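Chains as they are written, first to last, in my numbering: chain V, 3 to 144; chain S, 9 to 138.
It is possible that some hints are incorrect.
Once the Cα atoms are required to be at most 27 angstroms apart in a straight line, the calculated DSS-like pairs of lysine-lysine come out as [said to hold, decoys possible]:
id, chain 1, residue 1, chain 2, residue 2
1, V, K75, S, K66
2, S, K66, V, K41
3, S, K66, V, K73
4, V, K125, S, K66
5, V, K41, S, K50
6, V, K73, V, K125
7, S, K111, S, K66
8, V, K41, V, K75
9, V, K125, V, K41
10, V, K39, S, K111
11, S, K111, V, K41
12, V, K41, V, K119
13, V, K70, V, K118
14, V, K75, V, K39
15, V, K73, V, K41
16, V, K119, S, K66
17, V, K39, V, K73
18, V, K73, S, K111
19, V, K39, S, K66
20, S, K50, S, K66
21, S, K66, V, K118
22, V, K119, S, K111
23, S, K111, V, K75
24, S, K50, V, K39
25, S, K50, V, K118
Please keep in mind that the hints were generated in silico from the structure rather than gathered at the bench. If you're wondering where the values come from, they're calculated on a predicted model, not measured in any experiment.
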Amino acid sequence: MQKLVEGSFHLFGGDFDNAGSVSIELKSQLANIGIDKDKIRRAAIAAFEAEMNVIIYAIAGILTFEIKDEKIKITVRDMGPGIEDIDLAMTEGYSTSPEWVREMGWGAGMGLPNMKKNADEFKIDSVVGEGTTVEMVINLDF
Amino acid sequence: MNLRSSLSLRLSQQPVMTLEEIVDIIEAEKIVENVNPFINIKCTLCTDLMSEVLYFAKSGSILITTLATPYTVRAAHVAGVKVIVFTYTKELDNEIIVFARSKDMSILVTPLTTSTACERLWQRGLESCF
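This is chain S alone, in the form it adopts within the complex (with noise of 0.2 angstroms):
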């Protein structure tokens, strides 16, 4: 895709993927799915700074991130992320999929990089939160 189109088709669409478009783009592995499997998102979050994430995220977000932690989950939950996308993760502890099953938020896994799993995003109308 060139600029010019990629430019056009992110002004003339609305950005609403289904999980498994996302799963497709960025190579990912399912580990916990949303019960609703089209998810309107608005923006791509890409830090391990919940700092921003609690700044920035907007309600249909998606986040990804190499930190890998019980309070990532909470954070995006508080924030109203819908998919976490985890980078450079090998296992992911018990609490984080507990969790991600009870608020409805689906957990992706990529061998991608942070930056390379955004990039793609990006080229397919889906904006920075930032």
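Chain V extracted, bound-state conformation (with noise of 0.2 angstroms):
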């Protein structure tokens, strides 16, 4: 069994101003346990996407990471509205987000996409009125 490598941490929905901050911090624990380049890239692409959909849509949300078994596993968790058709969310260009957030340049509808692309594996869950959950895995090839 590969020894488990994990982290958490706290996201806050308006937050522009650390925007990224935290994928930045797992883009470098990443680099320190010594992980592929490209699939630190990955990670690190997936998990800002992530980040900032908690920062635009949500009141607060946490980040997860675990590193088990050659795979990375990204959670994200938020306190947020949730989503009403998760089909449509996940098509490229949809976005609910107000202009405000446009003209800040975000909120182009491609967040779930480019998390899904990024990931070998992309699970995503949502309750409306209480949050929604993504989860997402990066094979490791060590």
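With the hints as a guide, dock the two chains, each given alone in a separate frame, to form the complex.
As structure tokens, this is what we get:
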């Protein structure tokens, strides 16, 4: 059994000043472990997209990661409005973000599709009025 | 350079530029400089949407944008961007400069419009990332 490496970070809705900081820290931690650069890039991009969804849409959230059995697993749970139609939300270019978020360079409707694109396994579970959880797995070839 | 020679150049050469060449082509000022002056540029990304940076950028891209925020450099770094060119920018937040230095990214500013800067780099052989 490969040694378990894990960690967690708190995320806060509306915290655009620190947007991306958690994903940068995750990237640094993965680099310190010696993971392949391309895998780190994919993990950091997927994490960044999930981090932004919490900042844009939710009150707060938590990002956890673990490296076990040659996989990086990133889970992001939020206390947000939830997603009514997940299939529609997975469509590239579909977005419910307000105009001011788009003016800040976000909310183009690419976030969830990009998480799926960069992950080898992607799961999303959402309850309207409660929140959303995304799980992303990136396989490692040690 | 006419269209035929431009196309010929694009087909025959892998675009590799030094930071100095980029600075010259787009009349830019260096704010932060890469430690490695030889940058293997793969493509140019002209956008103010960070969603597009995370989706379309490749390792070794140049980002040309008006959006001078700390999260711009964070998104660019995660996506593998090595050089960011800010257009219409008079003053940069110190957080941007400190972060770029710590991640070995170059930061340039140019008086050109975003579209003119992108067009000039395209004419010298750099493809769009889109």
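Hints versus structure:
no.: 1; hint: K75/V to K66/S; in the structure: 23 angstroms, holds
no.: 2; hint: K66/S to K41/V; in the structure: 13 angstroms, holds
no.: 3; hint: K66/S to K73/V; in the structure: 23 angstroms, holds
no.: 4; hint: K125/V to K66/S; in the structure: 25 angstroms, holds
no.: 5; hint: K41/V to K50/S; in the structure: 19 angstroms, holds
no.: 6; hint: K73/V to K125/V; in the structure: 15 angstroms, holds
no.: 7; hint: K111/S to K66/S; in the structure: 16 angstroms, holds
no.: 8; hint: K41/V to K75/V; in the structure: 12 angstroms, holds
no.: 9; hint: K125/V to K41/V; in the structure: 18 angstroms, holds
no.: 10; hint: K39/V to K111/S; in the structure: 14 angstroms, holds
no.: 11; hint: K111/S to K41/V; in the structure: 18 angstroms, holds
no.: 12; hint: K41/V to K119/V; in the structure: 13 angstroms, holds
no.: 13; hint: K70/V to K118/V; in the structure: 20 angstroms, holds
no.: 14; hint: K75/V to K39/V; in the structure: 16 angstroms, holds
no.: 15; hint: K73/V to K41/V; in the structure: 10 angstroms, holds
no.: 16; hint: K119/V to K66/S; in the structure: 14 angstroms, holds
no.: 17; hint: K39/V to K73/V; in the structure: 14 angstroms, holds
no.: 18; hint: K73/V to K111/S; in the structure: 26 angstroms, holds
no.: 19; hint: K39/V to K66/S; in the structure: 13 angstroms, holds
no.: 20; hint: K50/S to K66/S; in the structure: 7 angstroms, holds
no.: 21; hint: K66/S to K118/V; in the structure: 17 angstroms, holds
no.: 22; hint: K119/V to K111/S; in the structure: 25 angstroms, holds
no.: 23; hint: K111/S to K75/V; in the structure: 25 angstroms, holds
no.: 24; hint: K50/S to K39/V; in the structure: 17 angstroms, holds
no.: 25; hint: K50/S to K118/V; in the structure: 24 angstroms, holds
The structure fails none of the hints (numbered hints given earlier).
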